[in-house]
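Chains as they are written, first to last, in my numbering: chain C, 1 to 265; chain A, 1 to 788; chain H, 1 to 186.
No wet-lab data here; the hints were simulated from the structure.
Quick reminder that beta carbons are idealized off the backbone N, C-alpha and C, glycines included.
Check before you lean on any hint, since a few could be wrong.
If you anchor each label on the Cβ, the simulated ranges turn out as follows [stated by the list, open to error]:
{"id": "1", "chain 1": "H", "residue 1": "Thr107", "chain 2": "C", "residue 2": "Glu156", "range": "49 to 59 Å"}
{"id": "2", "chain 1": "C", "residue 1": "Ala153", "chain 2": "H", "residue 2": "Thr27", "range": "31 to 41 Å"}
{"id": "3", "chain 1": "C", "residue 1": "Gln167", "chain 2": "A", "residue 2": "Lys438", "range": "38 to 48 Å"}
{"id": "4", "chain 1": "A", "residue 1": "Pro154", "chain 2": "C", "residue 2": "Glu156", "range": "30 to 40 Å"}
{"id": "5", "chain 1": "C", "residue 1": "Tyr2", "chain 2": "A", "residue 2": "Val104", "range": "30 to 40 Å"}
{"id": "6", "chain 1": "C", "residue 1": "Gly148", "chain 2": "A", "residue 2": "Pro43", "range": "25 to 35 Å"}
{"id": "7", "chain 1": "C", "residue 1": "Tyr2", "chain 2": "H", "residue 2": "Thr38", "range": "46 to 56 Å"}
{"id": "8", "chain 1": "A", "residue 1": "Val138", "chain 2": "C", "residue 2": "Lys63", "range": "23 to 33 Å"}
{"id": "9", "chain 1": "A", "residue 1": "Pro43", "chain 2": "H", "residue 2": "Ala176", "range": "29 to 39 Å"}
{"id": "10", "chain 1": "C", "residue 1": "Asn65", "chain 2": "H", "residue 2": "Glu40", "range": "44 to 54 Å"}
{"id": "11", "chain 1": "C", "residue 1": "Ala153", "chain 2": "A", "residue 2": "Glu137", "range": "43 to 53 Å"}
{"id": "12", "chain 1": "C", "residue 1": "Phe150", "chain 2": "A", "residue 2": "Ile416", "range": "36 to 46 Å"}
{"id": "13", "chain 1": "C", "residue 1": "Gly148", "chain 2": "H", "residue 2": "Thr107", "range": "35 to 45 Å"}
{"id": "14", "chain 1": "H", "residue 1": "Ala176", "chain 2": "C", "residue 2": "Asp241", "range": "13 to 23 Å"}
Just a sample of chain H residues kept apart from chain C, beta carbon distances all over 12 Å, derived [to be verified]:
{"id": "15", "residue": "Thr26"}
{"id": "16", "residue": "Asn33"}
{"id": "17", "residue": "Arg35"}
{"id": "18", "residue": "Asp53"}
{"id": "19", "residue": "Thr66"}
{"id": "20", "residue": "Ser67"}
{"id": "21", "residue": "Gln68"}
{"id": "22", "residue": "Ala90"}
{"id": "23", "residue": "Asp92"}
{"id": "24", "residue": "Arg116"}
{"id": "25", "residue": "Glu153"}
{"id": "26", "residue": "Glu155"}
{"id": "27", "residue": "Ala176"}
{"id": "28", "residue": "Thr179"}
Distance condition first, Cα-Cα at most 27 Å in a straight line; then the derived BS3-like pairs of lysine-lysine [unchecked claim]:
{"id": "29", "chain 1": "C", "residue 1": "Lys46", "chain 2": "A", "residue 2": "Lys126"}
{"id": "30", "chain 1": "C", "residue 1": "Lys229", "chain 2": "C", "residue 2": "Lys62"}
{"id": "31", "chain 1": "C", "residue 1": "Lys46", "chain 2": "A", "residue 2": "Lys50"}
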Amino acid sequence: MYAFNYLRPSSLAEAGSALTKTPDAKILAGGHTLLPTMKLRLASPKALVDLSRVSELRGIEKKGNALVIGAMSTHFEVSTSTVVKGAIAGLAELAGHIGDPAVRHRGTIGGSVANNDPAADYPAAVLALNATVTTDKREIKADDFFKGLFTTALGEGEIITRFSFPQPTKFAYVKFANPASRYALVGVAVAQTGSEIRVAVTGAGNDGVFRHKAMEAALAKSWSPDALKGITTDPSMMNSDIHAAADYRAHLVGVIAARAVAKAG
Amino acid sequence: MTATGIGAPVKRREDQRFITGNGRYTDDINRPGQTYAVFVRSPHAHAKIKSIDTSQAKASPGCVAVLTGKELAADKVGGLICGWMILNKDGTPMKAGAHPALAVDTVRYVGDHVAVVIGETLVEAKDAAEKVVVNYEVLPAVTDLGSAQAPGQPQIHPEAPGNTVYNWHLGDKSAVDAAFASAAHVTKINLVNNRLVPNAIEPRAAIGEYDAGQDQLTLYTTSQNPHVARLVLSAFIGLAPEHKLRVIAPDVGGGFGSKIFIYAEETVCLWAARKVKRPVKWTCERTEAFLCDAHGRDHLTTAELAMDASGKILALRAKTKANLGAYLSTFASSVPTYLYAPLLSGQYNIPSIYCEVDGVYTTTAPVDAYRGAGRPEATFVVERLVEVAAREMGKDPAEFRRINFITSFPHATPVIMTYDTGDYAACLDKALELIDYKGLPARKAESARKGLKRGLGFSAYIEACGIAPSQAVGSLGAGVGLWESAEVRVNPTGSVEVLTGSHSHGQGHETTFAQLVSQRLGVPIETVSIVHGDTDKVQFGMGTYGSRSGAVGMSAIFNAIDKVIVKAKKVAGFVLEVPEDTVDFKDGIFSSTATNKTLTFPEVALQAYIAHKFTGAQLEPGLKEGAFYDPTNFTFPSGVHVCELEVDPATGTTRIDRWVAVDDFGNLINPMIVEGQVHGGIAQGVGQALLEGAVYDKSGQLLTASYMDYCMPRASDLPSYKIEMASTPCPSNPLGVKGCGEAGAIAAPAAVMNAITDALGHEEIDMPATPQAVWRAAQKAPRRMVAE
Amino acid sequence: MFSIFKKSAAPDAKASAPQDPGAPITTVTVTVNGRTVTAEVDPRMLLSQFLRDSLQLTGTHVGCDTSQCGACVVHLDGRAVKSCTTLTLACDGGSVTTIEGLSQDGTLHPMQEAFRNNHGLQCGFCTPGMIMSAVDIVNRKGNTLDEATVRAELEGNICRCTGYHNIVAAVREGAANMTGVKQAAE
């Protein structure tokens, strides 16, 4: 790692001010992507702002018809939360399959979504559930949040504070893991929220998480795995690497989406 | 059998320190005044070094030194060696290029060593290393084994035209050709034996230290064979005379072959320690390990099997290209030749065999022995061939094997091995019972109802272990003898120290070797200690690999114990005042038909040292004996592994449902440890078949350089294993043991691939059978009728 | 004391006023195996380095650098974490238990005993992390663990020697024997 300063604000205001005042500062929100990258000297922030002591970023609660999860909630906290399990059980399950148990004790939902790794699990849920991302400056709808590989609508120094997930009637996420890294090779989240049906795909797309509009339309007509038969995914939109070429990923999107629908019931 | 003697499942004595965090691995050691080494490595697969500018690096804070290949050469430090001379078909010697520890003018793979930076701290060394400016002229890479020898390919070493290190053969070509001409059926297959990275979880590490007062160098290193390291570093690389170099291999966190070899890093740390006059420590990072640890396997083979109309095998023919990487590692040349082709007879009576092997340079990491070393590759060839032949001839694969099994021993194969003993049908019968072979059709039908394809695969493997009779390997080109040494030191109080040239890095020698001593000397196991891994303590040894520590290392201890007992009986004779030849020794008690008195082993030990009952003219005091044991034959562990699995054709996912292994390792010293060795071997073999593969792109970049991309077997990838033992004791060593360390890795790949191809109904899939590969293969129509 | 880091401060730490809530931090106070330590550390220092190099607790190992092999697993405030991916400064005020602190009063922890009893280790290098993860599994999942659960929960721990068969047996036995045992975490 290159040298950096370590800052640990205890309030959101302090955090915001630290990020504004410190050039080349990055947020530390679990660090399970950032620290390995820094160890390889592929990232060289001048400062890390550790948000683990910012109490405003914690807590999980049901607010009206929405499940609200603080950005610094760990994957472990989300996966074991009775509030999450009661509201959106599939989201708890998703969180319970990110990384491994030790990673889940440190990694956070805010860190994962802000990083927008194309193989991360949470972005699929945030998009499929049409969540609202609240920051220290504004609210951003999921559709406006993800802007392609490792890119989001977040501005410089902007801090995600919480996620608000509208209560769906149906939700499931199924992941086909990369055999080596266990990140999503293809992950599909399907959700029915009120009359809206959304299908979000992570891991597969060459521009990060995306909504599969053809599948959404088919499921809107008939919510069943069979409804997805014959719907193809364009391989030219797919990522391609040694683990899975684009055509295989495109095929898997269909298989995994059908399994997600079956699982959602 | 006593509770701690031979054959007892004694809990491991070494575990206490490992489970409490008190193990002592190389990276746990820190020396006063220590500095840190970081290597500047080539980012290119093939390039000329135009210039190296170290000035900025040397000016970097905390930089102690920056050293390059030119300085290494100026100090007359020799290159790394390959210790096995292979002769070409025409009798000429193999053609090997130079292998400097730090490149001088050319780099030949990504990760090749260009310079070393020594820093006060690791961070400072890394900072300085980034400031070394190397000006490269990039040359084209050669990464495809299949075309590396083709005309017009870039030349990697001027000494080896066509990038061919050797073109070697074994067997009687004309006899084989004649047999094929008369065959009723010929089966032909093309096989890829995928390149693997050994991946011991402990990364390699080294600390070089120079004592100016004694003019003595010390190397702490992650080695499976510290004495061989010392010999090579002294006699060939020339860093110090043998008596001025001490090599210590403390606890070593797994080796699997990759820690046999003498690498650039430890060579440079030792050299640099003398130059900077301070200890120099290097600890490998995982990505460096992927780039620079010797890789394993990497063969392309075309193999054919000829049968008569009844399915009896007439002949086997194989042509193999073996990727040796950019330089010849320590034992690289022997792996695809003498550790490979002599095993191509498998468990079968095959009248004639011919094998031709090209050893090929590519601009990739050096390839050398990895768990099994040549024998997994041979078993993969034989067991895939036999399976496909049975399928093509419409015969049950178990019965096809059975009618071709060797049934009388000793059996001389046409490829220089003489199998001493075995009962192959017994292992097969037991395996069929344990896997419930009869129930397979019903299980396949049940899987099919779930949309899954079930397959079962056999692997009836044989290996040549107990490496190796020195004269025999010498005649085949080995640069060393492969005996083992032991010294048994009995202390005056009767406790026993065994100094062994074997090295334990997970095998449990501190337990199994002590079991032997406890049983034979009748002393409590707690009073026995096993000393290994330090050239200042143990006189010499050849180390641990090739499943040799039981058959060869323990046999040396056995013979040393014999000598101790002979001497102790003499002592007892004087003490009991009876003729020496009346003294009997059993269960730790010396007795004589000439007296009612008896002596315990500790009593005799004390008498040996106080020497009050005999004169110097009659007997030397003390009780310490040594032995060098040179085996008279290889040992031939064998067995049958059966893998049953389910494939999901929709995703390509494979799930191993059950695994049966029936192994014949001869006599067992500690069955618990033996089973553990089999478990670990199977996991590595399953890893090769389903998960692991080192992939270089065309430019020579390693795409699988961390656990993010190189798929290591995890607990959820593997089943529990059902393991049973058969036993035909080995006749050539005093313990009747054969060796068990590599069996699983040798057997497993063929069992998995035979099962997958059974499930798919065709043979069109290579290792690793990843989900993507299986999915693609599942798109192809079965060529065979798949039994429902 | 051998440290891979000099005890120099981060770039401009000294320039900032210490009272400023946004000031860079370089001091950590952490309780390791019951002993409270306060140290000035380079912000880059990982918990694994702090344990191994500063406290000479070399039972915690580093095997992969990408937080996958699990050889570095320790408990932080009662939960398994990968110490190679945790900054030492981020542990301020926390309590760390390493393999060296697992057994108390010279008696082996039931999980340590189970690993030995089931031959759940060979070279021993992954073992400390494996045992710390195993104890964490029991803390989260209870004392009765089926094979599938253990295999799934060991996702973050790689062993190259054992083929996992005996590790799975060890974790299940250790879990059963941990009934009523005060967990290591505190």
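Status of the hints after comparison with the structure:
At roughly 55 Å, the beta-carbon separation of Thr107 of chain H and Glu156 of chain C lies within the given 49 to 59 Å, and the hint holds. In this structure the supplied range 31 to 41 Å holds for Ala153 of chain C paired with Thr27 of chain H, their Cβ-Cβ distance being about 37 Å. The beta-carbon spacing between Gln167 of chain C and Lys438 of chain A, approximately 54 Å, falls outside the hinted interval of 38 to 48 Å. Distance hint for Pro154 of chain A and Glu156 of chain C: a CB-CB separation of about 48 Å, inconsistent with the stated range 30 to 40 Å.
The supplied range of 30 to 40 Å is met by Tyr2 of chain C and Val104 of chain A, whose beta-carbon atoms lie about 31 Å from each other. Restraint check, Gly148 of chain C to Pro43 of chain A: a C-beta distance of roughly 28 Å satisfies the suggested window 25 to 35 Å. Distance hint check for Tyr2 of chain C and Thr38 of chain H: the Cβ-Cβ separation is about 26 Å, which falls outside the suggested range of 46 to 56 Å. A beta carbon spacing of about 59 Å between Val138 of chain A and Lys63 of chain C contradicts the range 23 to 33 Å that was offered as a hint.
Between Pro43 of chain A and Ala176 of chain H the C-beta distance comes to about 52 Å, which lies outside the given range of 29 to 39 Å. The hint said 44 to 54 Å for the Cβ distance between Asn65 of chain C and Glu40 of chain H, and at roughly 50 Å that hint holds. Roughly 46 Å separates the CB atoms of Ala153 of chain C and Glu137 of chain A, a value that falls within the hinted 43 to 53 Å. Taking the beta carbon of each, Phe150 of chain C and Ile416 of chain A are about 58 Å apart, not inside 36 to 46 Å as hinted.
Taking 35 to 45 Å as the suggested C-beta distance range, the pair Gly148 of chain C and Thr107 of chain H does not conform, at roughly 56 Å. For the hinted restraint 13 to 23 Å between Ala176 of chain H and Asp241 of chain C, the CB-CB distance of approximately 43 Å leaves it violated. With a closest Cβ-Cβ approach of about 7 Å to chain C, Thr26 of chain H is found to fall inside the 12 Å limit, against its non-interface label. Under the 12 Å C-beta cut-off, the non-interface status given to Asn33 of chain H relative to chain C holds; the minimum distance is some 18 Å.
Residue-level check passed: Arg35 of chain H sits 23 Å from the nearest beta carbon of chain C, beyond 12 Å. Chain C leaves Asp53 of chain H outside its interface by the beta-carbon criterion, the shortest separation being 15 Å against a cut-off of 12 Å. A Cβ of chain C approaches the Cβ of Thr66 of chain H within 12 Å, the least distance being about 5 Å, so the stated non-interface status is violated. At roughly 6 Å, the least C-beta separation between Ser67 of chain H and chain C is not larger than 12 Å, which violates its mark as non-interface.
Its beta-carbon lying about 8 Å from the closest one in chain C, Gln68 of chain H breaks the requirement of being farther than 12 Å from that chain. For Ala90 of chain H, the shortest C-beta to C-beta distance to chain C comes to about 6 Å, within the 12 Å cut-off, and the non-interface label is violated. With a closest Cβ-Cβ approach of about 7 Å to chain C, Asp92 of chain H is found to fall inside the 12 Å limit, against its non-interface label. Residue-level check passed: Arg116 of chain H sits 23 Å from the nearest beta carbon of chain C, beyond 12 Å.
Listed as outside the interface, Glu153 of chain H is inconsistent with that label: its C-beta sits roughly 6 Å from the nearest C-beta of chain C, within the 12 Å cut-off. Distance check on Glu155 of chain H: its Cβ comes as close as 4 Å (rounded) to a Cβ of chain C, failing to clear the 12 Å threshold; non-interface status is violated. Distance check for Ala176 of chain H against chain C: the nearest CB is about 20 Å away, which clears 12 Å, and the non-interface claim stands. For Thr179 of chain H, the requirement that its beta carbon stay farther than 12 Å from each beta carbon of chain C is met, with the minimum near 21 Å.
Of the pairs offered as hints, the one joining Lys46 of chain C and Lys126 of chain A holds, with about 18 Å between alpha carbons and a cut-off of 27 Å not exceeded. Restraint check: the Cα-Cα separation between Lys229 of chain C and Lys62 of chain C comes to about 36 Å, which exceeds 27 Å; the hinted pair is violated. Restraint check: the Cα-Cα separation between Lys46 of chain C and Lys50 of chain A comes to about 35 Å, which exceeds 27 Å; the hinted pair is violated.
Of the numbered hints listed earlier, those contradicted by the structure are 3, 4, 7, 8, 9, 12, 13, 14, 15, 19, 20, 21, 22, 23, 25, 26, 30, 31.
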